[in-house]
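Q: On the provided structure of chain A, position chain B as indicated by the hints.
There are 2 protein chains.
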Amino acid sequence: MKSSAIVLASRPAGAPSPENFRTEEIEIGTPRDGEVSLRVLYLSLDPYMRGRMSDAKSYAKPVEVGGVMTGETVCEVTQSRSPEFKEGDIVRAMTGWRTRAVMDASSVKRVNTHGAPASTALGVLGMPGFTAYGGMKVIGQPKSGETVVVAAASGPVGSLVGQLGMRVGARAVGIAGGRDKCDYVKNELGFDAVVDHRSPDFAFELAAVCPNGVDVYFENVGGHVWDAVLPLLNLYARVPVCGLIAQYNGPGKGENDRLPAAMSAVLRRSLLLRGFINTEFVPTHYEAFQQELGPLVASGEIKYREDMVDGLENAPEAFMGMLKGSNFGKLLVRVS
Amino acid sequence: MKSSAIVLASRPAGAPSPENFRTEEIEIGTPRDGEVSLRVLYLSLDPYMRGRMSDAKSYAKPVEVGGVMTGETVCEVTQSRSPEFKEGDIVRAMTGWRTRAVMDASSVKRVNTHGAPASTALGVLGMPGFTAYGGMKVIGQPKSGETVVVAAASGPVGSLVGQLGMRVGARAVGIAGGRDKCDYVKNELGFDAVVDHRSPDFAFELAAVCPNGVDVYFENVGGHVWDAVLPLLNLYARVPVCGLIAQYNGPGKGENDRLPAAMSAVLRRSLLLRGFINTEFVPTHYEAFQQELGPLVASGEIKYREDMVDGLENAPEAFMGMLKGSNFGKLLVRVS
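Each protein sequence line maps, in turn, to chains A and B.
Just so it is clear: in the first sequence, position 336 is 320 by our numbering, and no numbers are missing.
Just so it is clear: in the second sequence, position 222 is 206 by our numbering, and no numbers are missing.
Just so you know, the hints here were simulated from the structure itself, not pulled from any lab data.
Since the structure is predicted, the reported quantities are computational estimates derived from the model, not experimental observations.
From the structure, some residues in chain B lie toward chain A, with a derived Cβ separation under 8 Å:
1) Phe114
2) Leu256
3) Gln274
4) Leu315
Even for Gly, the Cβ is constructed at its ideal location relative to N, Cα and C.
Chain A extracted, bound-state conformation (with noise of 0.2 Å):
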């Protein structure tokens, strides 16, 4: 059996162009015992797709030049050859960008979508809603009263965010691009407030919608959103990373902004920073750590350095020894 499909013909240097790509009949064959033939109903676009164009190093495999455009589509299954799937089922599997594909069945996903569009299994129930979902139930935690800030916020993801949001009782604040987008926003999606990231007074804006600050910023473009973002940030806000942003991977402000580097390891390699001040743990772990750490002390178990300086007359040059590294250990005076 025959498929049209489209590979890449070769590697785009900065944006993509229609050179880059490249329609072929390919041969797919029949489906052997496990496998099942696939038509393809509908391809998923997405901007990760960029980067499996380019051989730089990531943490995916790119397409080779000749190779079908890697891709998620919703398929019918035309022919099975395995007891898990029938004819007719609708499935998710990673066909690429093509209109037939045989694929073995154990990478194949059957689609629930509970009554919704097939189609909704790339979008708000597929990847990019699970992506919302996951970086809100997982780190962002909205809370009713708060705030919580989107961009991107008329896409798929943003506008799952934001009415996550909304739906535990938080204020949604979206950020799009351009009048068209930003009335869908407000009015279709219902976000509380919208702003134009292309607006000369953005920054002004959005911290003119957010008078309570922001509590939760799912972090999806970086760049000059997270600059306006930052100084309206609560105590304890929470900043879900999520996505390769091409902001991130250039220079930032220049050679000298390290920001970039330290927001695109947070984002390749999922890290976690977390500020904070002991006091907040005060309420629920004072106790154990006493309990715990105490006894250990006492026993030696536990090892400390104390640098005892004697008398208050001396507080001062013991103190100011100790900002130039001076002191070895914890630095006390005895008083009395």
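A: Chain B only, in chain A's frame:
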């Protein structure tokens, strides 16, 4: 009753000098109902006190010129007019830099060091120790076989961070300044490795003693230590960020370096930043996502928008447009 006290004579410009301090005899009176009279045994000297000498905006009030220098002490109760305390009790209190004080009993905490010396209530069993404990329990969460890195490893916070890591079977790598402190960290505290941050090959040496990368970096210094640790951080590494660090208050690598402002915000506002790729949450959250959102999407309670392009042959153009932001809603190709 009188007390010796060290007051802030003037605000320092840059490093404090002896003229910024003055010793005074102050009248403290006698305890009224609900108050206790205290004799100071030990005064803790800590870097945060430098901040209190300035009137720059901070999370805490500055010491007034002429006011007693702020500070935590361990004291003996010499007279009590509170049922909570009796003569001879050993307590912690924010008396400041002085020999005696009269305090409200409600502001005084009984010390229980489980047999360790009372002075430890200001160090390993006090706020520095609790900073290490809370940061590691709640944020760092080291596991057996992981690598924990901490700077200022001979100090009261860093020394406990490493020991807490080793107690759960993690490797502890300390960073300290100078031969004596490094020897202490390695030989007395028993860290698995130590690196001198003053070495010209510091970054290289740190990488060499972290052959499996870094899983927990307890950030208490910043600057060139952060730069050396960042490339070593593993997938899912945790970075508790504690204390106010000199390097983050300055311009870093110059005015264009946005990292100091970002890290300062993380620190001062106890922010959480967490990178993620949605696949991380599939095992734990995908079922719930489908169950919870499927019906809401099907019923229209959760709204979404698709940007549907007809025909596989139009996928390249649609993809190129998306990279310029021209799609509106989830971009899909209807293939058949």
